[in-house]
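> Spelled out, the chains give:
Number of protein chains: 2
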Amino acid sequence: MTSDTVPVTTDDAFPAPVWSVDPRTGEHRARVGVESSPADIDRAVRAAAAAAAALADRPRRAALLRAAADHLERDAAQVVAVADAESALGVPRLTGELARTAYQFRAFAEIVDDGAFLDVVIDHADSALGRPDLRRANTPLGVVAVFAAGNFPLAFSVPGGDTASALAAGCPVVVKAHPGHPETGALCARLLRAAAVSVGLPEDVLAVVHGFEAGAALVRHPLTAAVGFTGSVRGGRALHDVAAARPRPIPFHGELGSLNPVVVTPAAAATMADEIGAGLAASFTLGGGQFCVKPGLVLVPAGDPGGVAETPGGARSKPGALEEAVVEAAGRVAATPLLDARMRAAFLAGVRERTALPGVAELLAAGEEPTAGAPLAVRPGVLAVPAALLAEDGPHDLLLEECFGPVTVLAHYRDQAELEAVLARLDGNLTATVRFAADENGEDAAGLLRRLIPLAGRIVVDGWPTGVAVAPAMHHGGPYPAATSVATSVGAGAIGRWLRPVSYQGVPQELLPPELRDGNPLGVPRRVDGRPEGLPGEAPG
Amino acid sequence: MTSDTVPVTTDDAFPAPVWSVDPRTGEHRARVGVESSPADIDRAVRAAAAAAAALADRPRRAALLRAAADHLERDAAQVVAVADAESALGVPRLTGELARTAYQFRAFAEIVDDGAFLDVVIDHADSALGRPDLRRANTPLGVVAVFAAGNFPLAFSVPGGDTASALAAGCPVVVKAHPGHPETGALCARLLRAAAVSVGLPEDVLAVVHGFEAGAALVRHPLTAAVGFTGSVRGGRALHDVAAARPRPIPFHGELGSLNPVVVTPAAAATMADEIGAGLAASFTLGGGQFCVKPGLVLVPAGDPGGVAETPGGARSKPGALEEAVVEAAGRVAATPLLDARMRAAFLAGVRERTALPGVAELLAAGEEPTAGAPLAVRPGVLAVPAALLAEDGPHDLLLEECFGPVTVLAHYRDQAELEAVLARLDGNLTATVRFAADENGEDAAGLLRRLIPLAGRIVVDGWPTGVAVAPAMHHGGPYPAATSVATSVGAGAIGRWLRPVSYQGVPQELLPPELRDGNPLGVPRRVDGRPEGLPGEAPG
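Protein chains in written order, with our numbering: chain A, 60 to 600; chain B, 60 to 600.
Isolated chain A, as found in the complex (with noise of 0.2 Å):
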């Protein structure tokens, strides 16, 4: 779902320009810099390096956060001015996204704060066991390296939750920046580091660096110490093995592709065509379809109403009503300009492709659509398939890849079977949705659901996978290649990714970080021999 170069003229020295595009209409607004040269990575990352010692004072790191949040704030006007011009995204969208990561900001302040992420577990020495005064904090680990996401300019890139979550953690972080929207990142960053000064640390605790063979580097570099990533599975996975075959391997939070699978029940389908035509048309080409949790296959009975009626070979008599109702629903949705040319050029050869398959119906044409202002706009599309050709091996295979953009595709299933042989053919996911009927919720239903689990993060009934609440339940992530671990990108628990746990044996306590001394001078939550601290039935320490 990334872009990973910007359009370049040809009469350019090295090193490459990183330009600004406007996507709307392909025009180069504005030159950045250039692409991030190996002496530049290594610069960056030694330099943050020597900023984490700073990051170690905890009140002062949550100053940070909120300066970070008040900056950005500030210069809110510009910070979105900037993001919309480089990624159409819309004002109104990025005024929302960046109140978002204002938020996540000041919610991972409150983390610091709390000090319950540092895990602290206390044992005292207990001589009748034999076992000597321990305890454990978790520590920050590093330079943690984060890839701006293409489709949150704010909320997932430079100022986003990895960054947030890392600084949170004690972790100095160097962005590589989305080649998408490389000014924004650029005048993020400035915003971040002048926040860190304003709190008396030094600007160092983040820095932005621009290119492909950059961020590859940047995984490389001996200093970097863990990696959060947002993007295709293609670039993610590349990284993924840069991580893994250093000779130290690092930690790599990466979330990849995801195709959000959608299953509606033919009890739903019989009696509620009309109302999930309609939803699934307004989830797939929300955000110009550009979400990771875009419902990308929706499974559907065939036979009408619900449905469309079929012949084994894929031969199609007429649409059902599920089908007719998408179909009404996104043909009136306004054509959108999407992030940025290669954004553009993969969606429109992507169903473009897909489209040519055997067996597979355009029930809707996606296509080009210049609109007043955005003569790059595109328009959605709705494909359809048989069910049963997914079931192998085969040149099919694409349909169950994320096409990223305003598309989806409906597969028609005859029989329990084909829903099966379909699941089964699977990646991991984000989200995995099931459309029941009002009164679906019996064992058959609890089996569906059961079935979803291994293929999905998150499971979802009756509503859309887009929109992410964030709430402590929350959890964003899945199997492989919704995710490269097991952790979430969004919410409190983002910040375990940074940390790891030591534990303290036989430490005197004017030795001891303050947080693990007796009577807890710092006032976090602890568990001491075994119970809550400050709880009643406590053991005395």
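It cannot be assumed that every hint is accurate.
Which bits of chain B does chain A cover? Going by a derived footprint, with three or more residues having C-beta under 8 Å, they are [claimed, not checked]:
#1 172-183
#2 495-506
#3 539-549
By construction, these hints were calculated from the structure, which means they are not laboratory data. The beta-carbon is built from N, C-alpha and C at its ideal position, and this holds for glycine as well.
On the provided structure of chain A, position chain B as indicated by the hints.
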């Protein structure tokens, strides 16, 4: 720290036989079977995967863990006798290890009963925030491949912590037996499979396979979902790379190797040379020096009385008091057989290679020393080297690598700069130890501890790293190559390695896992609407 082949006679046909060998004498005791073929691996993993559904029954898997402990204890005499015959670790040590192994199973049974490991979080729908009903719980990953460790035939092998924690998580297990104790592995697998049947579970929740190639095939199998490994850097790294290179990479939780550096401060050497020397001797020779936390490099101050006078070129004058003490105490340690022939050969070659380096003094000569009943026994060794020789790339880097067996290296530092130069060259470790003098607890001491934190998962002050207390505050892991992930392999936290979170959005009560339903019918610990359930101030629900 593992041996990956067993001696085979040259006239044996394919498939290669698996022999149980007596490491005291080198005699082949029994033919345990043959190395597992790819078809064997496929069968074992598929059978394990098919047994996963039965393990979803939480009370039943708690019963399995308790039955496993019971079965081990019931046949303890036989298990200990076989393990001793194959490992030469001795009946007292193995009796204790069996008790610890049974304790681990029962501790994980309690964890399963308690349910906190599910990490249940419930956020009820909030229409003001536009938030749907969201509930999260951990779910098992699937089949776990476990690699048995050479040095713990029980506690880190077929019935060990990886197996117990994976079963506790609800994951079936296929163990690759260690070639040093294949009969113990096969015997324990029979006991665990019988334990499964005794509680109404399929025996295939656990299987054992044999052979080096079998191990790689096990990691590559599409249905293998995660790996637990304890062994050598070479073997572990190779399998780590196999896991990372799969079409769908899987988590690899490996404990590979650790030097376990010890720093003796000048004040400590000056005041406690005898005590430190004797303690060091006891620690590095414990269990034949075959513990993963054996202190393998001891940084001691140069110059009397604590260390040894050095010239810049490395010429030595006379031993210091600490050296004399360690040599004297280690010299009195009885010669001991090592775990297997390959381990023994690697130890002898490793000592030889290290002793041959320029500037290395052999204070106590390790080597072969046949004893009554153990013609293959070896005696411990102590080497010494000027720290300056370790400060730069070169052949002395060998001294910064783990040498499995009863040998340690004293490195004499003349000043803080030399000490720092050596610390800067160390890889990650399970432990890092400091020996302070009685009154050393000022800023210098705190700075030294801070310097060691990036190097290890456990910091030990004024003790020795051998002896891993099983306590909530214990972390057994560390930066690579001590571990390949940030997880602990000892203690309650080990279960988290085999779980991933799943969120349920808008799922009706009847379709939720019972642990997630309103009213908490199974009584597991949960956080509901931001608070621990059942505490005052809880929101209704």
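> If a hint holds in the structure, say so; if it doesn't, say that too.
Here's how the hints hold up against the structure:
no. : hint    : result
1   : 172-183 : holds (count 3)
2   : 495-506 : holds (count 4)
3   : 539-549 : holds (count 6)
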